[in-house]
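The listed protein sequences derive, respectively, from chains S and B. Its first residue numbered 1, the first sequence is counted upward by one per residue in our numbering. Its first residue numbered 178, the second sequence is counted upward by one per residue in our numbering.
Where hints are given, some of them may not hold.
With a cut-off of at most 25 angstroms between alpha-carbon atoms, the simulated DMTMM-like pairs for lysine to aspartate or glutamate come out as follows [to be verified]:
#  : chain 1 : residue 1 : chain 2 : residue 2
1  : B       : K384      : B       : D323
2  : B       : K254      : B       : D229
3  : B       : K384      : B       : E357
4  : B       : K384      : B       : E321
5  : B       : K384      : S       : E138
6  : S       : K111      : B       : D325
7  : B       : K384      : B       : D322
8  : B       : K254      : B       : E184
9  : B       : K254      : B       : D280
10 : B       : K384      : B       : D325
11 : S       : K111      : B       : E184
12 : S       : K111      : B       : D280
13 : S       : K111      : B       : D217
14 : S       : K111      : B       : E241
Far from chain B, by Cβ distances over 10 angstroms, these chain S residues were calculated [to be verified]:
#  : residue
15 : L76
16 : A89
17 : V115
18 : A125
19 : E144
20 : S146
21 : G147
22 : E148
23 : V154
24 : D155
25 : G157
26 : A158
27 : D163
28 : L165
29 : L166
Beyond 10 angstroms from chain B on every Cβ pair, some chain S residues (computed) [stated by the list, open to error]:
#  : residue
30 : A43
31 : G61
32 : T101
33 : G126
I should point out that these hints are in silico values taken from the structure, not numbers from a laboratory. Just so it is clear, CB atoms sit at the ideal spot from N, CA and C, and this is done for glycine as well.
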Amino acid sequence: MSGLLRVRHGDTLHEVAVRAGDAGWIVTAGETALHLAAEPLGAPRRVAGATVHEMLVTAGGRAYRAVVAQTRERILVALGGHTYVFELADERTGGGGTAGTGRVVAPMPGKVIAVLVAPGARVEAGDPVAVLEAMKMETTLVAEVSGEVAAVHVDVGATVDGDALLVEITPSDAPAP
Amino acid sequence: MASSACEFGRVLIANRGEVAIRIARACRLRGLESVAVVSDADRLAPHAAAADRVVSIGPASARESYLCIEALLGAAKAQGAGAVHPGYGFLAENADFARAVRDAGLVWIGPPAEVIALMGDKLAARETARAAGVPLLPGTAVAEDDPDEAHRQAAALGYPVLVKAAAGGGGKGMRTVVSESDLAGALAAAAREASGAFGDGRVYLEKLAVRPRHVEVQILADGHGTVLHLGERECSIQRRHQKIVEETPCTAVTASLRDAMTAAAIGVARAVGYVSTGTVEFLLDADGHFYFLEMNTRLQVEHPVTELVTGLDLVVAQLDVARGLPLGLRQEDVRPRGHAIEVRVYAEDPGRGFLPSAGPILALREPAGPHVRVDSGIAEGYVVPVDYDPMLSKISAWGPARADAVDRLREALAETVLLGPSTNVEFLQAVLSHPAFRRGETHTGFLDDHLPHWAPEGPEPALALAAAALARQAPRPDGGSAGAGPAHEPTPWERLGAWRLGG
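Bound-form chain B, shown alone (with noise of 0.2 angstroms):
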């Protein structure tokens, strides 16, 4: 177990993006030396130059790279890592991936395989949970090849109900069925979303909470006993069923629902003997009555907001407890602090149903000031590929009172430069901006609700369009420019010297 000693010096990323360069700084900080993995369409990516060592894995399709066992596995040998730290999204959840690493002789960096593929297992997950004793939304199991018996069980549920993956988790294989005319659409592509993303096409029903908060719990616990939490995150603020705004603590989380929770979340973790950090998801309805969602067994893409309260490093922890050593903490050695917001910049369209972007970032400036966190993956030059999450980055900000954070992570947004891909980044300003979300009235539905049909809409273009026309007739770096007039006619940009001195 992992109480047993497990030094390791070399740790192989098995991720890429922003979470691979966060868990190369906190190899630095323990003095490991880390392994970056590159697929042929991230060559150039930020991630490449992040750690002490790349190796190419495969391919741009990440079946054939980022979730491949054995390339994985192949380049961890061959570049002689002890251990692997899986990051999220990928292979972080997969059993088989932590079960062949330790089959390796190698460390992973997470909970035991077991634990993975028990909570995995959303059905089993539920089981284990109704055995602590943790109260849980109707739901059940679909059978496969019976398409009445589904329209039986949906109809016992009652619409809406939600078609979710067993497999499931970051919201793939997820449908929303309003009616039972829906029903069977919905199975279907749940199903076909599912296998290809966890190549397992089982799918299972539950009752859909109306306006529910999303809430989910941070444990962090060592192999030698200790099991902590590290308070709750509100994640509500989702499109598609994944989040985009997450934040701790949540507003409507009182001292005595934060104790019944974080007791429910600890005594899921206890139940299946967790060791690293983890993360146990409710529901939390308007009536303060919450219900098991799902553990999370990896790394979670909101942890920055937890670190930024409660003053830990969760990556660094990840790295003690593999190596077998004790947390050295108690549950009342943790102290959050203040308030603390992220979001993630994708690259999407919002004004178009969030349709996904991609192509090169042709200029970029990330914000920065007090109390600001940027978890970048992206840099000037770097091409946004079509074949992974169009997450670029995530930025973070922290404040005395949450008004505070709001405030500063708005200012944040707004000083944000980046252009290339569309993105999300005025979206989120829309957002964060909305009197709801101040009141802190946020819900899992709270994007159709507030921002149904959101458009950009800047202040009047005049500004921007003259720097358009201004720049459109300046020189380019070739000599050429693209709105010169005729020669005899000088261009108002040759009354500006110093284009004509840098060009």
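Only chain S is shown next, with the shape it has when bound in the complex (with noise of 0.2 angstroms):
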């Protein structure tokens, strides 16, 4: 089991499993086993607190240049002229697992420059809630759920972290506390 990953892309969950071959690596994801050669390309370094691969992989005759970031939560991949993001499953804390639910978290650190609700308001999923503004833009924050607000946790002008809670619904269709 050393060679196992286990990492969110999208929706997909994938279980990666790496061993040694005859030439190289067998790397099995789901159904597929992939026979590649691989070697690193320089030494490893850290970048703000992630740490960065750089490795030439071979497989069907072709070679890329894959560039690999690993930080606490994600492992992002350039090759091939793509990007990809892979979430960790199994360190995955809840944040950005939002959907569908009454709680409404700034995406990004920003400033608070409009609240719409009140505590015991009540909402239709995609009223908007709140105003953010990160970056010199407005982000208009909708509610993802009907229901009835239960707290605000913040005030206009504050400055708030990417996560943040900014307000929570319960939702109407919530079974009663």
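Make one complex out of these two single chains by using the hints.
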């Protein structure tokens, strides 16, 4: 099990196993087994808290230069003209997993320039609840569920971090507490 | 005026990012020293090291740094700068800043403050264009405290209408309103955004042209009466009213239309006594009618495409003009050649409504190759701040024909490695690859029409997953390994000796 990696790519969970083959590596992801060779290009380096490896991956007669950056939550890979973002499945903390919940979080650091609801207010899914200014643009945050505003955690003018909880909504179809 | 002797040896660059680096390069070419300014968020930014000197001007907040006239003038004085180049954005079109620079006895590298003030008031600019005989879209000022009047005005223009900031630019304070019920909210939001961005919340209404092209004419004028045009650029591909793809020439502009548009642009420039670089923006409708939009009284973000086809250096020309030198060029000396396209690389997520992104750049490889130009403001390890516009760099390509330029630019984007914040690099590739774009069928609604629900779809991620799994098990610089198995079970990476040697 030493080579098992569990990551999410979009909505898909991938389990990737690596083992040594005769002339390189055998990488198994789901049903497919890939035979490939990989050579490191230079030493790995630390960049802003992440670890960056570069390697030459050869598969099917073609060589690709791959750049892999690992952070605590994600592995970013640039390969063949594309950038892939893999979220580490085992270390997911729930940030970004708020779809369809009553938690309205800041998608990125910014400044709250409007709070459009108050505790007790009734909101429908899609209703704007707050306006965040980040990088000189206004972003309107909407309720993802219909329900009642249970709490507002920020004031206008507040500077918030990414993933900060701004507003909590008790979904109307939620069981009574 | 600009024709009087105004020598200077040191230029304060009142901006950041790629344009600050661009200006520092031009200064060096002219033997001028340059002074970079940095906010606390930009202390380690690449532009800090691009100039001959660097000075801190304040906290991260733009209002207290790049938008703070006193801080910038103080820096100019302290550093002995004789001139100020404002770049684009921030205070580039702020007449008060231009005036303050002049009053401090420094040279403003740009048009006179009075011209900035006149054209910066979009309503006054419309009147100037009207007087110069240039066609306008129907539009009207909005009475600030009379919402009923605004509703009557919008109804008279006919929906859809555009709410625009009188002091606007860069898409800030702009809202499209398709029906009456959205008008009040749009007016309030536009006024709030305009007030925040420009300190002036006045807005006006303009009839929204449907599927027009955005075509602009580059003006270059000196203080000796020479006013030249450097051809047109098409910048129709926009999201949030901000351009992301720009090219020259425009596929829809015929020779006779070019004559008419450039003559109109020169007419506007002459009418206001224009000096330095400027851009007259038009909308071009499907029938080949064009309408004055506004004049940008500064260097334009997309100036590289004009440089690629004309061979001119617009920033060097700005420096020369500011020193009172004649351009030494006639209109017939400007002979554009081939086709050039630029894309703007933004830290944003096109799959999530172009939501801005920020954070450290973990890996960066910028493209190269024949006829590829990169104007970049980032570096590996640089932390993209949340405080400013999320443009990271611009990539441009030239080709003898449009298709060559498109292909080259697409290749350049595919070569680009940028790990860290989300970027629009793959989205830009999708734009350049789209059949309608390749046919030149572009208009300001292009992205909504053709790529409304774009999501990144690379090939199957199998190889990338393999690379991730291998890297996961490789030793780290600190000697650890996130995915190392039990000690008795050697990890596959131990067969790759170089990792051990390197790590």
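Here's how the hints hold up against the structure:
Using a Cα cut-off of 25 angstroms, the hinted pair K384(B) and D323(B) holds, with the two alpha carbons roughly 20 angstroms apart. The hinted pair formed by K254(B) and D229(B) meets the criterion: a straight-line CA distance of about 16 angstroms does not exceed 25 angstroms. Restraint check: the Cα-Cα separation between K384(B) and E357(B) comes to about 14 angstroms, which is no more than 25 angstroms; the hinted pair holds. Taken as a hint, the K384(B) and E321(B) pair is honoured in the structure, with Cα atoms around 19 angstroms apart against an allowance of 25 angstroms.
For the hint linking K384(B) to E138(S), the alpha-carbon distance of about 24 angstroms falls within 25 angstroms, and the restraint holds. For a cut-off of 25 angstroms, the pair hint linking K111(S) to D325(B) is broken: about 32 angstroms separates their Cα positions. Only pairs whose Cα atoms come within 25 angstroms are accepted, and K384(B) paired with D322(B) is accepted, the gap being roughly 21 angstroms. Of the supplied pair hints, the one linking K254(B) and E184(B) holds, its CA atoms being roughly 16 angstroms apart against a limit of 25 angstroms.
A distance of roughly 12 angstroms separates the Cα atoms of K254(B) and D280(B); the hinted pair therefore holds under the 25 angstroms criterion. Between K384(B) and D325(B) the alpha-carbon distance is near 18 angstroms, which keeps this suggested pair within the 25 angstroms criterion. Proposed proximity of K111(S) and E184(B) is contradicted: the alpha carbons are some 43 angstroms apart, above 25 angstroms. For the proposed pair K111(S) and D280(B), the alpha carbon gap of about 35 angstroms is over 25 angstroms, so the pair is violated.
Distance restraint check for K111(S) and D217(B): the Cα-Cα separation of roughly 18 angstroms lies within the 25 angstroms cut-off, and the hinted pair is therefore satisfied. Pair hint K111(S) plus E241(B) holds up; C-alpha atoms about 16 angstroms apart against a cutoff of 25 angstroms. Not every CB of chain B is more than 10 angstroms from the CB of L76(S) (nearest about 4 angstroms), against its label as outside the interface. No beta-carbon of chain B comes within 10 angstroms of the beta-carbon of A89(S); the shortest separation is about 12 angstroms.
The non-interface label for V115(S) is consistent with chain B: the shortest C-beta to C-beta separation is roughly 14 angstroms, beyond 10 angstroms. Residue-level check passed: A125(S) sits 17 angstroms from the nearest beta carbon of chain B, beyond 10 angstroms. The claim that E144(S) lies off the interface holds: its Cβ sits roughly 13 angstroms from the closest Cβ of chain B, which is beyond the 10 angstroms cut-off. Distance check on S146(S): its Cβ is at least 21 angstroms (rounded) from any Cβ of chain B, clearing the 10 angstroms threshold; non-interface status holds.
Here G147(S) stays apart from chain B, with its beta-carbon at least about 23 angstroms from theirs, past the 10 angstroms limit. With a closest Cβ-Cβ approach of about 23 angstroms to chain B, E148(S) is found to remain outside the 10 angstroms limit, as its non-interface label requires. With a cut of 10 angstroms on Cβ distances, V154(S) stays outside the contact zone with chain B, its closest approach being about 16 angstroms. At roughly 17 angstroms, the least C-beta separation between D155(S) and chain B is larger than 10 angstroms, which holds for a residue marked as non-interface.
At roughly 12 angstroms, the least C-beta separation between G157(S) and chain B is larger than 10 angstroms, which holds for a residue marked as non-interface. Taking the minimum C-beta to C-beta distance to chain B, about 14 angstroms, the non-interface status of A158(S) holds against the 10 angstroms cut. No Cβ of chain B comes within 10 angstroms of the Cβ of D163(S); the nearest lies about 13 angstroms off, and the non-interface call holds. L165(S), annotated as away from the interface, keeps every beta carbon of chain B farther than 10 angstroms; the closest lies near 18 angstroms.
Once the 10 angstroms rule is applied to beta carbons, L166(S) is consistent with being away from chain B; the minimum gap is 15 angstroms. At roughly 3 angstroms from the closest C-beta of chain B, the C-beta of A43(S) falls inside 10 angstroms, breaking its exclusion from the interface. The beta carbon of G61(S) sits about 13 angstroms from the closest Cβ of chain B, which is more than 10 angstroms, so the claim that it is off the interface holds. Every Cβ of chain B is farther than 10 angstroms from the Cβ of T101(S); the closest lies at roughly 17 angstroms, confirming the non-interface assignment.
Under the 10 angstroms C-beta cut-off, the non-interface status given to G126(S) relative to chain B holds; the minimum distance is some 14 angstroms.
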